[in-house]
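Work out the full structure: start from the sequences and follow the hints.
What follows is the residue order along each chain.
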Amino acid sequence: MPARAGLWNILTEPLIRQNPVTLQILGICSALAVTTSVATALTMSAALTAVLVMSAAVISLIRRHIPDTIRLIVQIVIVASLVIVIDQILQAYLFEISQRLSVFVSLITTNCLVLGRTESFSRHNPPVRSMVDGLGNGLGYSLVLTLIGSLRELFGAGTLLGWQVLPTVDQGGWFTPLNLMLLAPSAFFLLGGLVWAIRTIMPEQTESLEFLPPDDPEDTK
Amino acid sequence: MADLNPITAWRRLLALPNESRTKTLFMAFLVSAVCALLVSGATVILQPIQTANRAAEQQARLGSLIAGVPGMSELLSQDGGTLSTVVIDLDGGAVADEMTPGTLVAALDDSANWTALTANQDLAGLGQRPDYAQVYFLRGADGELSLALLPVSGTGYNGPIDAILALRADMNTIAGLAVINQSETPGLGARIEEPAWLGQFRGKSVADSSGTVRFAVAKGATGSEYEVDGITGATRTSNGITRMIRFWLGDDGYGPLLDAIKRGEF
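So the sequences go chain by chain: A and B. Per the working numbering: the first sequence ends with 221, consecutive numbering throughout. Per the working numbering: the second sequence ends with 266, consecutive numbering throughout.
To be clear, the hints were calculated from the coordinates, so they are not data collected in a lab. Please note that a few of the clues may not be correct.
Said to hold, decoys possible - Derived DMTMM-like pairs (lysine to aspartate or glutamate); straight-line CA-CA distance at most 25 Å:
| # | chain 1 | residue 1 | chain 2 | residue 2 |
| --- | --- | --- | --- | --- |
| 1 | B | K23 | A | E119 |
| 2 | B | K262 | B | D229 |
| 3 | B | K262 | B | D109 |
| 4 | B | K262 | B | E98 |
| 5 | B | K219 | B | D259 |
| 6 | B | K23 | A | D68 |
Quick look at the structure:
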């Protein structure tokens with residue numbers, strides 16, 4: 001990324017071209033776990049985006065005063081505190097969904113996406129740029145989660161956000177729900193398919209392969 | 001020369017090189033203090049809402065449990081009114097004011113809140129009995145108690161039986177029994193779950209005019225207003241049900257509560 005990209009660029013880059021999930025393959029664990037329905041995927045996305053933006057702001061504000069020796073622990077403490085606050089808010093105002101997200105909101109703390117952005121971007125950029133970067137990455141993550149969540153809910157239960165879209169056989173319709181879609185492996189397939197599709201359309205994304213020496217057979221396994 | 005002006009002291013601290021030990025310790029302390037404040041603040045402020053959410057969820061779960069039990073939903077819809085949950089003190093037969101359905105679970109983890117039963121008392125084969133129980137009252141539009149739903153438990157042939165017994169306002173007429181949990185032999189004892197069998201409980205009387213609990217599952221066909229038909233091949237299960245009802249409606253069970261309700265205290 002160029003050193004002084006415009007704010008708009010910072011915001012839109014991570015949506016598809018630099019998508020944290022499909023390009024950098026970050027935050028996969030939660031992306032697999034919470035995408036059984038659109039509602040949980042959206043809540044999780046909102047929570048992660050909020051944490052990302054706020055932690056970017058805080059860390060960017062104190063970036064000149066974080067001692068290098070303890071920078072990781074300082075970042076983690078800040079991220080963890082924000083996650084706890086978000087989790088408490090969810091439990092207070094979105095109780096039913098927070099029950100379904102269970103431990104995955106708390107696990108945003110260890111989501112490599114958050115630490116990745118604070119460590120690589122917020123520590124070197126002023127607050128506004130950091131927040132925009134956080135927002136962009138959060139939206140990129142949300143995009144992937146929403147897409148996978150929609151597919152899984154649509155084909156796994158025939159619904160979207162709880163609305164019956166495809167009438168299932170149980171209700172006298174024609175659609176037989178694919179139960180596999182509600183299990184974790186289906187998220188792997190969908191995510192893999194998505195990465196493949198994006199890299200087919202945008203071959204420049206496969207440039208990450210340059211980190212693997214293709215001539216050395218030992219490293220290609 | 002100590003500089004006591006906090007602003008300049010603050011500035012000097014921030015101007016220290018990041019790698020100095022003082023600043024490292026100071027930053028670590030500052031960040032943890034601010035974060036601790038943030039986390040505790042959020043927890044304390046949101047606590048009441050979360051507690052209310054949890055209580056509401058528990059209520060909804062119990063509501064759906066009762067409504068999902070065959071027979072109970074018809075009872076509820078036919079009688080109308082509102083369902084309330086009350087924790088009662090079994091010894092005194094009165095509302096346990098200090099307990100809520102939320103704290104009951106924790107209280108029952110404490111063995112001090114259980115009473116050991118002697119062999120004579122222990123009709124239902126429970127060994128011990130909680131001092132507090134959560135019961136449900138259905139009240140009509142005028143606030144009059146129309147139905148009491150009492151959770152009961154006993155011992156069958158294969159294991160514990162949990163059920164909810166519904167009594168009419170006179171506390172002597174059974175409105176219904178719903179088996180929530182049982183592990184009796186399929187096809188024999190497990191037939192206690194069948195609506196046809198449970199349906200016989202409706203309208204049976206519990207005790208005679210002297211107050212003695214007379215209810216029983218008959219051996220074979222029923223002969224009186226206190227009995228329901230037994231299940232062939234499931235004598236032990238049938239006896240278990242008899243003893244469960246007799247225990248819980250007796251003095252060691254809900255007896256004091258039923259007396260209090262009959263006196264009009266609820």
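Report task. Check each numbered hint against the structure and report the violated ones by number, ascending. Result -> 2, 3 and 5
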